[in-house]
Amino acid sequence: MILHLLRASPFSDQSLCQCLGRVTEQDGIVLMQDAVYALRGQEQAWYNPMTSVSSLYALKEDIEARGISAPEQVHVIGYPELVTLTLKFDNVISW
Amino acid sequence: MILHLLRASPFSDQSLCQCLGRVTEQDGIVLMQDAVYALRGQEQAWYNPMTSVSSLYALKEDIEARGISAPEQVHVIGYPELVTLTLKFDNVISW
Amino acid sequence: MATFSILVTSAPFDTQGSNSALKFIQAALALGHSVKGVFFYQAGVNNASAWLTPPADELNLSVAWRALKAQGVELHVCSTAAARRGLLSEQDSQEQGYSGHNIQPPMTASGLGQFMEMLDVDRVVQF
Amino acid sequence: MATFSILVTSAPFDTQGSNSALKFIQAALALGHSVKGVFFYQAGVNNASAWLTPPADELNLSVAWRALKAQGVELHVCSTAAARRGLLSEQDSQEQGYSGHNIQPPMTASGLGQFMEMLDVDRVVQF
Amino acid sequence: MTSKRIAIINRTAPHGHSQGQEALDMTLVAGSFGQDVGLFFLDDGVFQLLTGQKPDAVLRKNYSKTFAALEFYDIDTLVVCQQSLQARGLTQADLCIPVQVLAPDALREALASFNHIVSF
Amino acid sequence: MTSKRIAIINRTAPHGHSQGQEALDMTLVAGSFGQDVGLFFLDDGVFQLLTGQKPDAVLRKNYSKTFAALEFYDIDTLVVCQQSLQARGLTQADLCIPVQVLAPDALREALASFNHIVSF
Numbered sequence: 001m002i003l004h005l006l007r008a009s010p011f012s013d014q015s016l017c018q019c020l021g022r023v024t025e026q027d028g029i030v031l032m033q034d035a036v037y038a039l040r041g042q043e044q045a046w047y048n049p050m051t052s053v054s055s056l057y058a059l060k061e062d063i064e065a066r067g068i069s070a071p072e073q074v075h076v077i078g079y080p081e082l083v084t085l086t087l088k089f090d091n092v093i094s095w
Numbered sequence: 001m002i003l004h005l006l007r008a009s010p011f012s013d014q015s016l017c018q019c020l021g022r023v024t025e026q027d028g029i030v031l032m033q034d035a036v037y038a039l040r041g042q043e044q045a046w047y048n049p050m051t052s053v054s055s056l057y058a059l060k061e062d063i064e065a066r067g068i069s070a071p072e073q074v075h076v077i078g079y080p081e082l083v084t085l086t087l088k089f090d091n092v093i094s095w
Numbered sequence: 001m002a003t004f005s006i007l008v009t010s011a012p013f014d015t016q017g018s019n020s021a022l023k024f025i026q027a028a029l030a031l032g033h034s035v036k037g038v039f040f041y042q043a044g045v046n047n048a049s050a051w052l053t054p055p056a057d058e059l060n061l062s063v064a065w066r067a068l069k070a071q072g073v074e075l076h077v078c079s080t081a082a083a084r085r086g087l088l089s090e091q092d093s094q095e096q097g098y099s100g101h102n103i104q105p106p107m108t109a110s111g112l113g114q115f116m117e118m119l120d121v122d123r124v125v126q127f
Numbered sequence: 001m002a003t004f005s006i007l008v009t010s011a012p013f014d015t016q017g018s019n020s021a022l023k024f025i026q027a028a029l030a031l032g033h034s035v036k037g038v039f040f041y042q043a044g045v046n047n048a049s050a051w052l053t054p055p056a057d058e059l060n061l062s063v064a065w066r067a068l069k070a071q072g073v074e075l076h077v078c079s080t081a082a083a084r085r086g087l088l089s090e091q092d093s094q095e096q097g098y099s100g101h102n103i104q105p106p107m108t109a110s111g112l113g114q115f116m117e118m119l120d121v122d123r124v125v126q127f
Numbered sequence: 001m002t003s004k005r006i007a008i009i010n011r012t013a014p015h016g017h018s019q020g021q022e023a024l025d026m027t028l029v030a031g032s033f034g035q036d037v038g039l040f041f042l043d044d045g046v047f048q049l050l051t052g053q054k055p056d057a058v059l060r061k062n063y064s065k066t067f068a069a070l071e072f073y074d075i076d077t078l079v080v081c082q083q084s085l086q087a088r089g090l091t092q093a094d095l096c097i098p099v100q101v102l103a104p105d106a107l108r109e110a111l112a113s114f115n116h117i118v119s120f
Numbered sequence: 001m002t003s004k005r006i007a008i009i010n011r012t013a014p015h016g017h018s019q020g021q022e023a024l025d026m027t028l029v030a031g032s033f034g035q036d037v038g039l040f041f042l043d044d045g046v047f048q049l050l051t052g053q054k055p056d057a058v059l060r061k062n063y064s065k066t067f068a069a070l071e072f073y074d075i076d077t078l079v080v081c082q083q084s085l086q087a088r089g090l091t092q093a094d095l096c097i098p099v100q101v102l103a104p105d106a107l108r109e110a111l112a113s114f115n116h117i118v119s120f
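Note that the protein sequences, when read in sequence, are chains A, B, C, D, E and F.
Once you know that position 33 of the first sequence is 33 in UniProt numbering, the rest is easy, because the numbers rise by one and skip nothing.
Once you know that position 46 of the second sequence is 46 in UniProt numbering, the rest is easy, because the numbers rise by one and skip nothing.
Once you know that position 26 of the third sequence is 26 in UniProt numbering, the rest is easy, because the numbers rise by one and skip nothing.
Once you know that position 97 of the fourth sequence is 97 in UniProt numbering, the rest is easy, because the numbers rise by one and skip nothing.
Once you know that position 63 of the fifth sequence is 63 in UniProt numbering, the rest is easy, because the numbers rise by one and skip nothing.
Once you know that position 2 of the sixth sequence is 2 in UniProt numbering, the rest is easy, because the numbers rise by one and skip nothing.
Here chain A stands alone, though its shape is the one from the complex (with noise of 0.2 Å):
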């Protein structure tokens, strides 16, 4: 179980789609910095995989700081169940 941080628009950046093409069914994935505006990618090819992720979650402060917001099926989170998410899985990749 990894959790997955992504930090990079997916409309500029690869990140987004090298990751989707490696998690399992039991990885998280967190939107932050740049990456929350994989929120706005709802006609993208990578749209549908990401929030097929039953475990996604997008960064509270990050969304509100660029004016965005995000759909229900995405958990939106702040710093202190960041926290908490990284301790509950078994390690941590940032992108």
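All the given hints hold, so there is nothing to weed out.
A short list of chain D residues far from chain C (calculated; beta carbon distances all over 12 Å):
#1 26
#2 29
#3 67
#4 69
#5 70
#6 74
#7 106
#8 113
#9 114
#10 120
Taking lysine-lysine and the BS3-like style, the derived pairs with C-alpha atoms no more than 30 Å apart in a straight line are:
#11 B:60 with F:65
#12 F:4 with C:36
#13 A:88 with C:69
#14 E:4 with B:88
#15 B:88 with D:36
#16 E:65 with E:4
#17 E:54 with E:65
#18 C:36 with C:69
#19 F:54 with F:65
#20 D:69 with D:36
#21 D:69 with B:88
Covered stretches of chain F (in silico footprint by chain B; criterion: 3 or more residues with CB under 8 Å from a CB of chain B, positions within the stretch not fixed):
#22 3-17
#23 36-50
#24 54-62
#25 87-99
Simulated from the structure, these hints should not be mistaken for lab results.
Beta carbons: idealized from backbone N, C-alpha and C, even for Gly.
Chain A is already provided as a structure; the job is to place chains B, C, D, E and F on it using the hints.
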């Protein structure tokens, strides 16, 4: 007539795709720095659009640095030719 | 309660990494966890500059890192990575014959071996 | 013969931008063109550090930039962008009460207005 | 100042990186020096203009408020890439200032008219 | 040293950025401290291992020669992503040292076995 200087690997970064969506037949493209890795993209969606640009250049020093090679249809140039190219086109964008 | 070490590899201001690291550490401490230390590497070594001088309406990272040190979080910077980027401790600066040094307390100039010491925690998180 | 100004926005060592800029400028000068100056902005301001200290088997950018200045290429760094990243001229450092300064000749601390002056050339090329 | 026209391109989203903030700084200086300047928003750069940004939450400055000041600097060439907006599910109504929204062909034409182009 | 196992991931191509060189520095120190370390090459990171690099041409250091020294540091977990190689038209024969080439599933399993993971 714009000369487009590409610097990032298209396997990691969307700049090449974004640039290709905007060039016209009169424009030129120079692959430099990590963008020369585009020459290893034979199986990628952007490869044919890229090689169909008639003014496609790649910087010799950056190719040699990385241990790769260029196919025939790509004009391999050195820095003196790059300097001259920037003057042949009307202006230059670094992507 | 758990133990953390934090690896910062992103440059201050140029990217949001330092900001995210600060908020993560503050949250971890507030939850009662222990943060053993922060290790600055790659472009992250720029966080160790004593002279970061942002405009008054922007985050002052020097103040923020100092506050963490006061809470017991060790702040280590890789001196080889730092020297490549123009950041020097007093000793390294004297050896080079430079006129000053910009790695100053609360930052400690260390080697990568220090980071190996910091792996003995429950989680390492990279920003 | 043509005139150039060069904008460097990428950090030394972290990216290849400085290396490419150097090779471009050397080629332009060798062809007999005139390079009015280099303007360092964004993370590129780190090029202006007098204290870049790479290992002996790596490029010493301080030496390389100094050689260009000796060939008549002006080297300007944006002082606001520099201050945010811990790079200060003697005057700015004294105003802040710091113990030294790491922007030294051949680098000149300037404002963005200086870059506007540098636009009066045939080509601006960004690295 | 010189008579050379300069285009400043925003290609990066705000807050994760400093590009947008320093592109805007350069634009304001260009304007105050009377330079003929065009400001372009392409790709993730269109996110710079979103309304309702609150970057204080992530310890970054809310410089997006400054876009409204561009008109006082006589910077009236503000161009946004239509295709970039569309790919992100955005329309002009989501943006904090009035801009020209151009299709790729027209956008490239507009860029080609500048002497110098810098990108952030 | 600690008994924690650390995975170091290369995701960036060489020479355009410093990631690869400093990832290798960290790997060598980890090895010399007797740390149990795995070195992974994913995505553009696989370009780190290409034979015949001559970065002197672009004023960068040819640190790829150092990969051959990894075995003397007892670093024998060297894993390359099969899919990343394939996407770049590469095979193991193009690489400068012997490595384990793993399919995505096996690669993720290998990564999951480490206590800590850092990426460059």
